[in-house]
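Residue numbers (this note's numbering), protein chains in the order written: chain Y, 2 to 333; chain G, 3 to 249.
In short, the hints are calculated from the structure, not lab data. Idealized CB from N, CA, C, for every residue including glycine. Do not take every clue at face value.
[To be verified] Pairs of lysine to aspartate or glutamate residues, derived as EDC-like cross-links and limited to a Cα-Cα distance of at most 20 Å, are as follows:
#1 Y:K112 x G:D240
#2 Y:K72 x Y:E144
#3 Y:K72 x G:D178
#4 Y:K112 x Y:D159
#5 Y:K251 x Y:E219
#6 Y:K112 x G:E110
#7 Y:K85 x Y:E144
#8 Y:K85 x Y:E109
#9 Y:K72 x Y:E109
[Said to hold, decoys possible] To give an idea of the interface, some chain G residues facing chain Y are shown, with a C-beta separation under 10 Å as derived from the structure:
#10 T7
#11 T8
#12 L49
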Amino acid sequence: MAVESDKAASMRRQNLIVIVLAVLLAATLAGSIAYQHGAFSPLAQVYFIADDAAALTPGTTVRISGFRVGKISSMELQPDLKVKVTLTIDAEQFPRLRADARADLVREQLKPPMIDLRAGQASGPLSSADPRIGYRRRGTLTEIAEDLRARLAPILDDVNQVSTSIRTRKGDLEAVLANANTITTELAGTAKEMRAMATDMRTRLAAIGGQSQATLAEVNKSVVRIGGLVGEAQKGLDQVTTALPALLQKTGDTLDHVNAIARDARTVSAAAAATVPEALRGVPPLVDDTREIVAGARQAWPLRDFVALPPPATLPIDSLDPAVLREPTPGK
Amino acid sequence: MISATTRVALGYASMLVHAFTRRGLLRLPAVRSALTRQINVTGVQALPYVASVAFLFGAVVVTRAIELLGSDDDTVLKAVVWGGLRELGPLVTALIIIVRSGVAIAAEVALMRLREGISDSVWKQAVHEEEVVLPRILGLAIASVVLVVFFQFFAVVAALLASAFTLGTAFQFEIDSFLTAAQWRQVPLSIGKGALFGAGIGAICCYHGLQVQSDVSEVPKAVVAACLGSLSFVIVVDLIAIVLLLT
Chain Y
2 MAVESDKAAS
12 MRRQNLIVIV
22 LAVLLAATLA
32 GSIAYQHGAF
42 SPLAQVYFIA
52 DDAAALTPGT
62 TVRISGFRVG
72 KISSMELQPD
82 LKVKVTLTID
92 AEQFPRLRAD
102 ARADLVREQL
112 KPPMIDLRAG
122 QASGPLSSAD
132 PRIGYRRRGT
142 LTEIAEDLRA
152 RLAPILDDVN
162 QVSTSIRTRK
172 GDLEAVLANA
182 NTITTELAGT
192 AKEMRAMATD
202 MRTRLAAIGG
212 QSQATLAEVN
222 KSVVRIGGLV
232 GEAQKGLDQV
242 TTALPALLQK
252 TGDTLDHVNA
262 IARDARTVSA
272 AAAATVPEAL
282 RGVPPLVDDT
292 REIVAGARQA
302 WPLRDFVALP
312 PPATLPIDSL
322 DPAVLREPTP
332 GK
Chain G
3 MISATTRVAL
13 GYASMLVHAF
23 TRRGLLRLPA
33 VRSALTRQIN
43 VTGVQALPYV
53 ASVAFLFGAV
63 VVTRAIELLG
73 SDDDTVLKAV
83 VWGGLRELGP
93 LVTALIIIVR
103 SGVAIAAEVA
113 LMRLREGISD
123 SVWKQAVHEE
133 EVVLPRILGL
143 AIASVVLVVF
153 FQFFAVVAAL
163 LASAFTLGTA
173 FQFEIDSFLT
183 AAQWRQVPLS
193 IGKGALFGAG
203 IGAICCYHGL
213 QVQSDVSEVP
223 KAVVAACLGS
233 LSFVIVVDLI
243 AIVLLLT
């Protein structure tokens, strides 16, 4: 009985361990998948309007630069029979979308379709109030091949027509070719003449070039000489520039002296203006008295014999010099 | 007059309904002991076998997919998700349960009935019913869930290892790609499908075991009927699940 009880307890313990382990594994697996799909991160929604829902299904993967960022969450038929497709993406990707963001439907062979979200390059961000983006369907390889076939078929038809026409008008073509041969021969002669003319022109241009070279050498020499003259002139100007300040200084001093003399003359003139008139008014009677005295003395005989007549006075040339007037002539 | 198929289907359903209405019997120690024994035999003891099959399954599916589809990692991982998580995980687990436990349950119940352990008069009494149907249906459901989870884990790990080894990619990269390709709802859905498979197999096996009359030759017939009935049930339910999920 005890053995049975132990066996039952062992079974219960084993069952408990296995069940707990299974619950943990299931929770880990589901949780990891949900976390990878952003179930625990904030989401944002954008939408676009498609003409039809071909190849679009809820759950279709949405990628940016090859990385899965969301999926198609819902599709609604609009009153104008267009389809509003809502994409649920990671919220952190939303600020990267610009106003010209676009969703491209990518379909490749043997792969489920997916949405390639293009962020755009506009300066403004995508409006959060009306997050509408553009939409474009990329063709599959089969559709591209069909499109190419549709474009190439008319071209191939034209080529076929041209080749047929060439075949049917072979005689005309031979005549055209003969004419072309003649024209080609004439063109060869013309080319030969052109070549000779070009050689002649080259020779003449070489002679002109030699003359031009000699002229240029002369001009160069003249320029060198002019350069020397300019150097000399530059030296003279330098000397003038060096001496000029001293000369100007001396001129300034002289002008200062002249100003001082003028000031003295003005002062003396002013003083003389006050005293000279009075003196001049007293001179005529004095002259008259002196003339009478001298006339009386000349008539008296002692004085007439003892007093010699003064020699005639000679005025110095630079009589304007006040010093000459003030100082007596030496030896007199 | 109803057809045999309808009668059998109603009989299976009556087993499930009977077990559900008598769930209060789980308070009895004898019933709990039978339930523990059933979970241990069907689930714990089958674990090494299921793990081995799952490991081989994951590795073979990936290498075959790479061989067929080239080095298209996305498609290969889609195959792993589809096989390991959604469809083949519960299906293979159910087949293992049928082969290993279902036939045993049918034979056991049939023998119990032959040995007068369960007679028609006694069948109506709770004492013997609780020993037969309820612990087996509930035990198989729980064991099936456990086996499905372990099958998924080992199959996915083996597939990612094989993919990384074959393609020369990093194991971390393969894990990221797998988690991106999978959907978290597939895990609880597959677990629910596994529980439904287990309960159905238990009900079917109990029904056919209880249908044995007083003749030993009917035991193998009951076992074969239980096996075929369980296989049919699993396939039909899986088909219905696929249709429901796709629509």
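Hints versus structure:
1. With a C-alpha separation of about 25 Å, the suggested pair K112 (chain Y) and D240 (chain G) falls outside the 20 Å cut-off, and the hint is violated.
2. The hinted pair formed by K72 (chain Y) and E144 (chain Y) fails the criterion: a straight-line CA distance of about 25 Å is larger than 20 Å.
3. With a C-alpha separation of about 17 Å, the suggested pairing of K72 (chain Y) with D178 (chain G) holds against the 20 Å cut-off.
4. As the CA atoms of K112 (chain Y) and D159 (chain Y) are separated by approximately 38 Å, the hinted pair breaks the 20 Å bound.
5. For the hint pairing K251 (chain Y) with E219 (chain Y), the CA-to-CA distance comes to about 48 Å; that exceeds 20 Å, so the pair is violated.
6. With a CA separation close to 50 Å, the supplied pair K112 (chain Y) and E110 (chain G) exceeds the 20 Å bound.
7. For the proposed pair K85 (chain Y) and E144 (chain Y), the alpha carbon gap of about 24 Å is over 20 Å, so the pair is violated.
8. Proposed proximity of K85 (chain Y) and E109 (chain Y) is contradicted: the alpha carbons are some 23 Å apart, above 20 Å.
9. Under the criterion of a C-alpha separation no larger than 20 Å, the hint pairing K72 (chain Y) with E109 (chain Y) is consistent with the structure, at around 18 Å.
10. The restraint placing T7 (chain G) at the interface with chain Y is violated, with a minimum CB-CB distance near 35 Å, outside the 10 Å limit.
11. Checking T8 (chain G) against chain Y: minimum C-beta separation of about 36 Å lies over 10 Å; hint violated.
12. Hint status for L49 (chain G) relative to chain Y: holds, with the closest Cβ pair at about 7 Å, below 10 Å.
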